[in-house]
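Novice: With the sequences and hints as input, model every part of the structure.
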Amino acid sequence: MAILTNPFINVINSYNGLPEQPAPAYLSDELKQLFRKREVALYISMRQVLDQVTQLLGDGEKIINMLPMTNEANSGYATDGIMGMYAPDSEATKWYRDSQSSLRGNRLMIFTDRRIIFFIVIEFMDDPNQYFSYSYESIKSIKLKSKYFRSADLEHVGKTHTYGSYTLDFETTDRHIFTEFLTKENGELFKQNLLTIPGMQHIEVGNKASRVNRLDYIFSNFSFSFKVFLWVGFGITAWCFIAAVATWIMTLLH
Amino acid sequence: MDNEELLAQLRAHDEAGLDALIDQYGDLIRQVIWRYLRGGYERGYTQDIENRCYYKIWAKIDTYDAAKGNFEAWVGTIAKHQALDYKKGLKGTFQDLDLAADYLAADEPEPEIDWQPYLQQLSGQQLTVFKLFFVDGLYPMEIAQQLKMKPTAVYKNLSRARQKIQKGGQQAWQS
Chain U
1 MAILTNPFIN VINSYNGLPE QPAPAYLSDE LKQLFRKREV ALYISMRQVL
51 DQVTQLLGDG EKIINMLPMT NEANSGYATD GIMGMYAPDS EATKWYRDSQ
101 SSLRGNRLMI FTDRRIIFFI VIEFMDDPNQ YFSYSYESIK SIKLKSKYFR
151 SADLEHVGKT HTYGSYTLDF ETTDRHIFTE FLTKENGELF KQNLLTIPGM
201 QHIEVGNKAS RVNRLDYIFS NFSFSFKVFL WVGFGITAWC FIAAVATWIM
251 TLLH
Chain E
1 MDNEELLAQL RAHDEAGLDA LIDQYGDLIR QVIWRYLRGG YERGYTQDIE
51 NRCYYKIWAK IDTYDAAKGN FEAWVGTIAK HQALDYKKGL KGTFQDLDLA
101 ADYLAADEPE PEIDWQPYLQ QLSGQQLTVF KLFFVDGLYP MEIAQQLKMK
151 PTAVYKNLSR ARQKIQKGGQ QAWQS
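Respectively, the protein sequence lines represent chains U and E.
Just so we're aligned: 121 in my numbering is position 121 of the first sequence, and the numbers increase by one with no gaps anywhere.
Just so we're aligned: 32 in my numbering is position 32 of the second sequence, and the numbers increase by one with no gaps anywhere.
Some hints here could point you the wrong way.
Only pairs whose alpha carbons sit at most 27 Å apart, straight line, appear in this in silico DSS-like list of lysine-lysine [to be verified]:
1. U:Lys191 x U:Lys147
2. U:Lys62 x E:Lys56
3. U:Lys32 x E:Lys56
4. E:Lys56 x E:Lys88
5. U:Lys94 x E:Lys156
6. U:Lys159 x U:Lys145
7. U:Lys62 x E:Lys131
8. E:Lys56 x E:Lys68
9. E:Lys56 x U:Lys94
10. E:Lys88 x E:Lys60
11. E:Lys80 x E:Lys56
12. U:Lys184 x U:Lys147
13. U:Lys143 x U:Lys227
14. U:Lys62 x E:Lys68
15. U:Lys147 x U:Lys208
16. E:Lys87 x E:Lys131
17. U:Lys208 x U:Lys140
18. E:Lys80 x U:Lys32
Sample of chain U residues lacking proximity to chain E, with all beta carbon distances greater than 10 Å (derived) [unchecked claim]:
19. Tyr86
20. Pro128
21. Glu204
These are computed hints drawn from the structure, not numbers from a lab.
Cβ coordinates follow ideal geometry from the N, Cα and C atoms, glycine included.
Specialist: Following this line, the structure appears as structure tokens:
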């Protein structure tokens, strides 16, 4: 099946009880039908995933809601390109790969009344032990920083239209670090959960990442790494430019 | 694709079978759902109900018995039940996902109201019309055709049934 808009967010939102979003208007009727088939196939796969999730829950533990993340809407830093490659094992996973044209791109964060369960969908389908569990007690503080980007698409030329997004970063007391780029909707759901889930009430929310080990501020801090990469890149470019201009001037003088 | 082939593919959980099901029965499923969801707000959840229908068919295809009825009627019945379940206020919760209720943080469903004392005061015809309208979700014209009566008689029966139930409710509340 051809790659169209990823229906993962739509499907998870329907599980969260939100009304459906219409298919993109630019799609023809045939493409809309293809998109619909892809959506139904994903819905069936996600039912199997949710059945697996219920096996992980403890006595009396309850699911509150789910936060979908994709390469298209969130970051593809660790789940796209070479990092996004995966070889499915089971028939269900092969069906997921073929029907969704997707490998490690779709991720799911499940909020229960006790913890956050996070997994990459295709890995979790193959192996129910491939997930991360972050209990609320082990999270002391999080970074949930909002950012706004000015739009650069043709639809909003000449208008002051901005897109909101959030950076999420936290480290648990047993030193698991989680960093992700959230969409505006993801960020709002996360904030809603911080306010409404009793187990999350003690978590401090700020604009700075906090680490247990000081070295992790340098080596396990995506924001810092990005800034270093940016400045080093800028420095190398500036040095090359200055060297080129100096060479040109020297050539002129001789 | 004929029904035999479609059923064989669905039983084998073949993706082509699911695609054919959506192509051949997608319109029927939507028509049945829209028959029970009349408002624009409710129809905003159409695709979610359709997804549940497709999942039911996919998961329960082995329980379909051709000797008991044709496939179209079976699909229509599933769509009807899914739409009616949704209407009963289950939308937006996980309670109709077939997950064990112990795992879900949704609010407790409200207890079923015992309508029998209220419905006892209705005559036979009023009761039939009342159930067809409020329980089965039929339009007055369809009820009129089914019961072979005039549409005005359907409206009259509904109106009198409502009045009787209102009076009965007040008396029950006062007592």
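Novice: When you check the alpha-carbon spacing of Lys56 (chain E) and Lys88 (chain E), does it fall within 27 Å?
Specialist: Measuring from Cα to Cα gives roughly 18 Å; hence the hint holds.
Novice: Sort out whether Lys147 (chain U) lies within 27 Å of Lys191 (chain U), counting only the CA atoms.
Specialist: holds, 15 Å
Novice: Holds or violated: are the alpha carbons of Lys147 (chain U) and Lys208 (chain U) at most 27 Å from each other?
Specialist: holds, 13 Å
Novice: Has the given pair, Lys87 (chain E) with Lys131 (chain E), been kept, meaning a C-alpha gap of at most 27 Å?
Specialist: holds, 15 Å
Novice: Is the Cα-Cα distance between Lys184 (chain U) and Lys147 (chain U) 27 Å or less?
Specialist: Cα-Cα ~9 Å, so holds.
Novice: Given the proposed pairing of Lys208 (chain U) with Lys140 (chain U), does the C-alpha separation stay at or below 27 Å?
Specialist: Holds, at roughly 13 Å.
Novice: Given the hinted pair Lys88 (chain E) and Lys60 (chain E), is their Cα-Cα distance within 27 Å?
Specialist: Answer holds: Lys88 (chain E) to Lys60 (chain E) is near 22 Å, not above 27 Å.
Novice: Would you check whether the claim that Pro128 (chain U) is not at the interface survives, using Cβ distances to chain E and the 10 Å cut-off?
Specialist: holds, 15 Å
Novice: Does Lys80 (chain E) pair with Lys32 (chain U) here, judged by a C-alpha cut-off of 27 Å?
Specialist: holds, 24 Å
Novice: CA of Lys94 (chain U) to CA of Lys156 (chain E), is that 27 Å or under?
Specialist: With a Cα-Cα distance of about 59 Å, the restraint between Lys94 (chain U) and Lys156 (chain E) is violated, given a limit of 27 Å.
Novice: Does Lys56 (chain E) lie within 27 Å of Lys62 (chain U) when you go C-alpha to C-alpha?
Specialist: holds, 24 Å
Novice: Quick one, are Lys62 (chain U) and Lys68 (chain E) close enough, alpha carbons at most 27 Å?
Specialist: Violated, at about 40 Å.
Checked against the numbered hints given earlier, the structure breaks hints 5, 7, 14 and satisfies all the rest.
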